[in-house]
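Participant: What follows is each chain in one-letter form.
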Amino acid sequence: MKRRSSVVRKPAKKLARKRAVEWELRLYIAGQTARSVAAGANLQRICDQYLEGRYRIEVVDLLMNPKLAQGDQILAVPALVRRLPSPLKKFIGDLSNEERVLVGLDIRPLAKAAR
Amino acid sequence: MAKATLAKHLKSVTAGGSVAHKLRKARSGIDGLDDITGGGLPYGRPTLVCGGAGSGKTLFAMEFLVRGATEYGDPGVFVAFEETPEELAANVASLGFDLHKLQAQKKLAVDCVRIDPSEIEVTGAYDLEGLFVRLQYAIDSVGARRVVLDTIENLFGGLHDEQILRAELRRLFRWLKAREMTVVITGEKGDGTLTRQGLEEYVSDCVIFLDHRVVEQNSTRRLRVVKYRGSPHGTNEYPFLIDEGGLSILPLSSVGLTHRASTERISSGIARLDEMLGGKSFYKGSTVLVSGTAGTGKTSVAMCFANSACSRGERSVLFTFEESPEQLVRNMRSVGIDLERHLKSGLLKIVASRPSSHGLEMHLATMHRVINQFHPDVVVIDPITNLFSVGSPSEVQSMMTRLIDFLKVRGTTAMCTSLTSATSELEQVAMGVSSLVDTWVMLEVLRSGRERNRSLTIIKSRGSAHSNQTSEFRLSNRGFELMDTYLGPTGVLTGSARLAQEAQDQATLAVHAGKLERSTEERVRQRKLLKNRIAALREEFATQDADIEGSIQEETMRRDSLIAERHAMARSRQAFASVGRARKPAGSRSR
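If you read the protein sequences in the order shown, they are chains D and U.
Start counting the first sequence at 0; every next residue gets the next number (numbering that gives the first Met the number 0).
Start counting the second sequence at 0; every next residue gets the next number (numbering that gives the first Met the number 0).
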């Protein structure tokens, strides 16, 4: 874990390990509601913009896999869980507040460094 | 199998039956609750159970689920917002509920919902669909008919957007109703409101309030049905108890004066006392009060009663507030009552506790529970006056009323002893209780000379003739001995005064007896004497009679010979012709 996070913090290695997944995100939705779709789109946009190539998004539709809700203690949907890098972080809502998502995911400073 | 489950399920639901508009109810299985609510919680609707911290909300909810799953074939889902599954299982294990087993049997599903506001970032619009999904999944996994949300208010702490939350809660209750789930929602008591977050706003069908009060260091749990839409219900505060058997609520005050009256009699165990009660003793199912000052033998009378019941093969429970079971057994042995034998045979149960160990209601609840489990024919409470120290007079009266009602409905014969202080008037002795009891036996100590002697009087006995006499009684290793008190010219005598009087009587009697004997002897003697005299006289008479007879014969013979001589003379003179004629005149002449 520690190694991985150090990897993230080293921009020099960024290009070399372009395809390495440093961001593991899981989006929980409950059916294809407008809110789910918006959340999906918002997440995609943010990741594309700031974490290009370093992320993996897993979308869990709780209507299909209700069992999975218990594991991450999902109550509100849409919910985003940052599984990596640690620590685990949770976001609820349709991710329309980009500022909050970026701060919450700790992307902001990284993104600046990348620029 | 499926049929059986269905039948069970139908049994669990007090269906409206022919009356279509009548509310369907789901039996809670909680001891006493179904009596208060007239059959259980509203079927297919949510019920709010609220109360302060430690008032038993979670246990109430859990018992509702577990009883449903085990007794009525209704699987359930427990959604815990406070505790982890492990904590929950450990907490209710003390009530005898094995959650792991029930979960393994697919009768119960437990889902623990944790929300930590510090690790959640709100990034836009959301709803609680996740909760719905989890609930649906849990319901489907066991085929649940009952759901518990404990305590859903915790969501307000985890999620700050109250507007969304309230909208979602409203949706949740609609959702649960649409699925015909019988739901119990717990809620923490708020300041001046039933719940902190005003959950009563969403749950309007049935609200139950639990209370845990401490009065004079004694805690009592109480339950009240605040509202029950569409159904009559008991409105009082009912004390309840949480112990190894789960919750038990005492709907005792709901009992009316409708109990049946038995004409069967049950012996007091003291033959003489039975005799004083018209020769028949107590009615079965009646309540007997034995009052008296210290050391009058109340406990012994009561134990004698229990002992005789056990000897007849009936079951007895003794609630003692003064002595430990062992001490009681030992002490009773000294008056010839062997309680140990009955303890061993299981016919007797002794429940000993200090009155101050619980509140009044708790005592009542304990008795209620013990009686319900043991099914005794005879209950002895020794002494009820010790309970009076725990509560106010009105509380005690209400408790005694409920206890006696409860026993009467069961047809259990009860004997309560009551300690009275030597200075108080008889009327004060058991003011609260005297009107409730059917038979009142008063034990007294009569002081005479330098002694104290025990006496027994029947003050009242409803529906049976009873002696108006005061009897003296003695306790010895042979048990009870009741004696008539001596009513002499100087008043009632007891103890040695009675013995002295009795001895004197005995002496007088002996003198009388001697006299009588002597008279009888005299009479016999006289009779004999007279008889002898009569015999002598008779003899004398016979002798005289014989003498007279002899002389008569002699005279006759002499006369005959005279006549014969005369005839011979005449013949010799040859005066034949005149002989015949002259014979008779001669004979008559000679006379």
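Worth double-checking, as some hints may not be accurate.
Unchecked claim - Per label pair, the in silico range of CB-to-CB distance:
(1) D:G70 <-> U:E70: 44 to 50 Å
(2) D:T32 <-> U:G37: 40 to 46 Å
(3) D:L62 <-> U:K100: 47 to 53 Å
(4) U:R169 <-> D:T32: 38 to 44 Å
(5) D:G70 <-> U:G410: 54 to 60 Å
(6) D:G70 <-> U:G197: 48 to 54 Å
(7) D:G30 <-> U:S93: 49 to 55 Å
(8) D:L62 <-> U:Q104: 39 to 45 Å
(9) U:N90 <-> D:D105: 35 to 41 Å
(10) U:E70 <-> D:D105: 19 to 25 Å
(11) D:D105 <-> U:G37: 58 to 64 Å
(12) U:G191 <-> D:E23: 45 to 51 Å
Said to hold, decoys possible - Residues from chain U shown here face chain D by an in silico Cβ test under 7 Å; the list is partial:
(13) E128
(14) V132
(15) R133
(16) Y136
(17) E187
(18) P392
(19) E394
(20) V395
(21) A509
(22) H511
(23) A512
Claimed, not checked - Quick look at which bits of chain D chain U covers, simulated, 3 or more residues with Cβ under 8 Å:
(24) 53 to 66
(25) 70 to 82
(26) 90 to 99
Hint data in this document are derived by calculation from the structure and do not stem from the laboratory.
Cβ coordinates follow ideal geometry from the N, Cα and C atoms, glycine included.
Participant: All hints, please: hold or fail.
Facilitator: To see whether the hints hold, each was checked on the structure:
1. D:G70 <-> U:E70: 44 to 50 Å: violated (33 Å)
2. D:T32 <-> U:G37: 40 to 46 Å: holds (43 Å)
3. D:L62 <-> U:K100: 47 to 53 Å: violated (31 Å)
4. U:R169 <-> D:T32: 38 to 44 Å: Roughly 19 Å apart at Cβ, these two residues miss the hinted range, so it is violated.
5. D:G70 <-> U:G410: 54 to 60 Å: holds (58 Å)
6. D:G70 <-> U:G197: 48 to 54 Å: violated (32 Å)
7. D:G30 <-> U:S93: 49 to 55 Å: About 42 Å separates the Cβ atoms of G30 (chain D) and S93 (chain U), which means 49 to 55 Å is violated.
8. D:L62 <-> U:Q104: 39 to 45 Å: violated (28 Å)
9. U:N90 <-> D:D105: 35 to 41 Å: holds (39 Å)
10. U:E70 <-> D:D105: 19 to 25 Å: Violated - the Cβ-Cβ distance for E70 (chain U) and D105 (chain D), about 54 Å, lies outside 19 to 25 Å.
11. D:D105 <-> U:G37: 58 to 64 Å: holds (59 Å)
12. U:G191 <-> D:E23: 45 to 51 Å: holds (49 Å)
13. E128: holds (4 Å)
14. V132: holds (4 Å)
15. R133: holds (5 Å)
16. Y136: This interface hint holds because 4 Å falls under the 7 Å limit.
17. E187: Where the cut-off is 7 Å and the nearest Cβ of chain D is about 19 Å from E187 (chain U), the hint is violated.
18. P392: violated (53 Å)
19. E394: Constraint on E394 (chain U) not satisfied, violated at 46 Å.
20. V395: violated (51 Å)
21. A509: violated (100 Å)
22. H511: violated (103 Å)
23. A512: Constraint on A512 (chain U) not satisfied, violated at 102 Å.
24. 53 to 66: holds (count 4)
25. 70 to 82: Contact hint for the stretch 70 to 82 of chain D vs chain U: holds, 8 residues under 8 Å.
26. 90 to 99: holds (count 8)
In this structure, the earlier hints numbered 1, 3, 4, 6, 7, 8, 10, 17, 18, 19, 20, 21, 22 and 23 are contradicted, and the remaining ones agree with it.
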